[in-house]
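Q: Protein chains in written order, with numbering that gives the first Met the number 0: chain A, 0 to 487; chain B, 0 to 118.
Rather than coming from a laboratory, the hints here were simulated on the basis of the structure.
If you're wondering where the values come from, they're calculated on a predicted model, not measured in any experiment.
Backbone N, C-alpha and C fix where the C-beta goes; we use that ideal spot for every residue, glycine too.
Among the clues, some could well be false.
[What the hints assert, rightly or not] Label pairs and their calculated CB-CB ranges:
1) A:Glu393 with B:Glu90: 34 to 40 Å
2) A:Glu393 with B:Glu79: 44 to 50 Å
3) B:Glu89 with A:Lys264: 54 to 60 Å
4) B:Leu92 with A:Ala321: 17 to 23 Å
5) A:Asp416 with B:Glu79: 48 to 54 Å
6) A:Val327 with B:Asp80: 55 to 61 Å
7) B:Leu77 with A:Ala480: 47 to 53 Å
8) A:Gly253 with B:Leu92: 38 to 44 Å
9) B:Ala84 with A:Val292: 16 to 22 Å
10) B:Glu90 with A:Thr256: 26 to 32 Å
[What the hints assert, rightly or not] Just so you have them, the derived chain B footprint on chain A, three or more residues with Cβ under 8 Å:
11) 62-72
12) 294-306
[Said to hold, decoys possible] So, partial list: chain B residues that the calculated Cβ filter (under 8 Å) puts toward chain A:
13) Ile26
14) Ala40
15) Leu98
16) Val109
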Amino acid sequence: MDLHDLSARALGGLLERGEVSSEESVRAALRRMEAVEPRIHAFLKVTGKEALRDARSVDAARRRGEPLGPLAGVPIAVKDNLCTRGVQTTCGSRMLQDFILPYDATAVEKVRKAHLVIIGKTNMDEFAMGSSTENSAFGSTANPWDLSRVPGGSSGGAAAAVAARAVPLALGSDTGGSVRQPAALTGVVGLKPTYGRVSRYGLVAFASSLDQVGVLGREVRDCAGLCRIISGHDPRDSTSSRAPVPDFEADLDGNLTGLRIGVPKEYFGSALDPEVETAVRGALRTLEGEGAVCQEVEIPLLEYAVAIYQVLASAEASSNLARYDGVVYGRRAGRFSNLEDMYVRTRSEGFGSEVKRRIMLGTFALSSGYADAYYRQADRARRMLERDVQRVLERVDVLAGPTSPTAAFRIGEKAEDPLAMYLMDTYTLPANLAGIPALSLPCGFTSKGLPVGFQILGKPFDEAGVLRVGRAYERASPWRARGPSLGS
Amino acid sequence: MSRSFSVPLHPGNDMPPKITRETVEHIADLAKLQFAEEDMAAFVRQFRSILVYVDRLSEIDAGEDRVSERERVGPEHLREDRGEAGLEREESLRNAPDLEGSLFAVPRVVDKGDARGSS
């Protein structure tokens with residue numbers, strides 16, 4: 000088995016025992032990345048030189064006998080909306096094309112402190128707005144399972160890099176499903192932690208009440224390990240929680256006897272592809288075989304999740320993105336006649352069409368005469384939905400269902416129909432609106448050989464419970480062994 | 000910005016607000032965006048279809064008495080109010096599109112005659 004095929008934990012074990020150096024593991028990742036990148040375009044920036052320097056310093060620390068974490072020396076990729084000191088952070092936008100920050104996002108800082116080695120920044124929908132990575136200003140990413148299809152989004156580059164085995168782990172962000180949906184469409188594992196579990200400091204803001212840093216990997220255990228590394232309170236993000244961070248791996252292999260799984264009826268409506276439904280129902284039966292008890296639950300407001308989300312996320316985006324005015328950082332238009340004209344030209348030239356659409360919707364939803372019917376109504380509906388989800392989670396331990404209504408669609412297929420694209424997030428949005436943790440993991444393939452994702456949603460701050468259910472399913476299912484063809 | 004706005008107030012359950020080119024231009028004005036003439040028709044059409052969809056929110060009975068404004072996203076813990084070292088000036092100026100010395104430079108907003116007249 001090649002080094003790049005190993006899970007982060009297995010690679011970490013070899014590194015710990017001195018059987019492989021970090022430099023070798025990073026070289027293997029860079030070689031693999033070079034081989035697959037021309038076909039998938041997962042990266043916006045590869046930091047090979049810095050990665051080898053960091054790898055050698057981990058090797059030196061190990062030789063000195065310094066205490067290192069279990070993932071020290073393991074390569075990792077970072078979505079390009081997480082700030083990285085001295086390396087570009089473009090957010091997939093022309094607006095931030097040459098943007099280089101003097102500091103790391105907290106999640107990035109923690110990853111470095113745990114001695115993982117960052118090998119590059121991954122492609123994404125511009126400002127994380129999208130479900131296909133087609134909205135990147137720097138070209139779309141291809142799905143390693145079928146190069147004519149999207150990898151999902153917005154963390155599509157991160158998911159494709161993990162699926163193609165360029166890296167065993169990646170950091171992403173999830174505002175409405177941007178970690179879980181691409182994980183589902185590329186056959187990898189993606190975890191969105193509870194809102195507040197991970198600091199958002201240095202994550203470029205899209206919708207601040209929904210944004211959360213998440214992790215992608217090929218195995219549940221790897222995601223558990225990485226999530227633990229990046230979790231915890233940060234004085235620089237006042238919405239980050241002081242809840243203690245448990246060892247998410249401590250009971251990872253615990254059994255599921257008596258576990259109550261709620262299966263929301265609304266997750267199995269007419270929009271669900273029959274092949275996806277078959278795979279997800281199969282996963283539920285597998286969990287029943289492991290001792291869990293499934294029961295149908297109803298959360299009628301889930302029918303409104305896309306409408307609630309679009310109004311709230313766009314409203315927050317319209318104010319967050321007001322900062323891009325061409326004054327302090329980022330792009331400034333080349334020609335303008337006065338200050339007002341500079342703002343308008345800078346924003347109109349710098350933002351792509353989906354970002355403009357969201358800013359427009361958000362501005363409309365907050366504007367005089369409409370704020371009551373749209374923003375405030377959506378805000379109240381979100382509260383009601385959150386309460387309904389919490390009430391159901393008092394009766395069951397976790398919720399489960401599909402991650403995405405369909406498998407990966409063709410590049411360009413939904414480009415002219417933004418609403419059809421928004422509906423791809425139907426099943427992932429509720430976790431963001433309710434602030435709860437959710438995991439997506441592979442549960443089979445369609446007849447075209449495309450991966451299908453299975454989603455497990457848990458109580459606030461119960462990442463450990465969600466991961467345990469995911470691990471039990473992973474143990475009992477054969478999907479992990481399959482790798483993508485990468486077009487060959 | 001007190002331009003008159005000829006779009007009817009939200010009309011209720013069965014009819015989404017009328018989205019015209021004029022509405023879109025007004026919102027674009029508020030958002031400091033502009034659309035190329037050739038993109039306008041497509042944008043109005045897509046914007047309208049999105050608003051027709053989100054208009055289903057009006058079906059939800061979420062009266063003020065049942066739920067109040069959200070308070071969940073308030074800060075959990077504010078840090079102590081004391082000064083801390085931030086970014087160095089040089090670092091914070093590094094990404095600026097235009098500088099004059101250590102200042103962010105923007106196009107002139109007050110002409111010399113105006114400046115003399117005020118203050």
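Q: Going through the earlier hints one by one, which of them does the structure break, listed in rising order?
A: Per hint list: 1, 2, 6, 8, 9, 10, 11, 14, 15, 16 violated.
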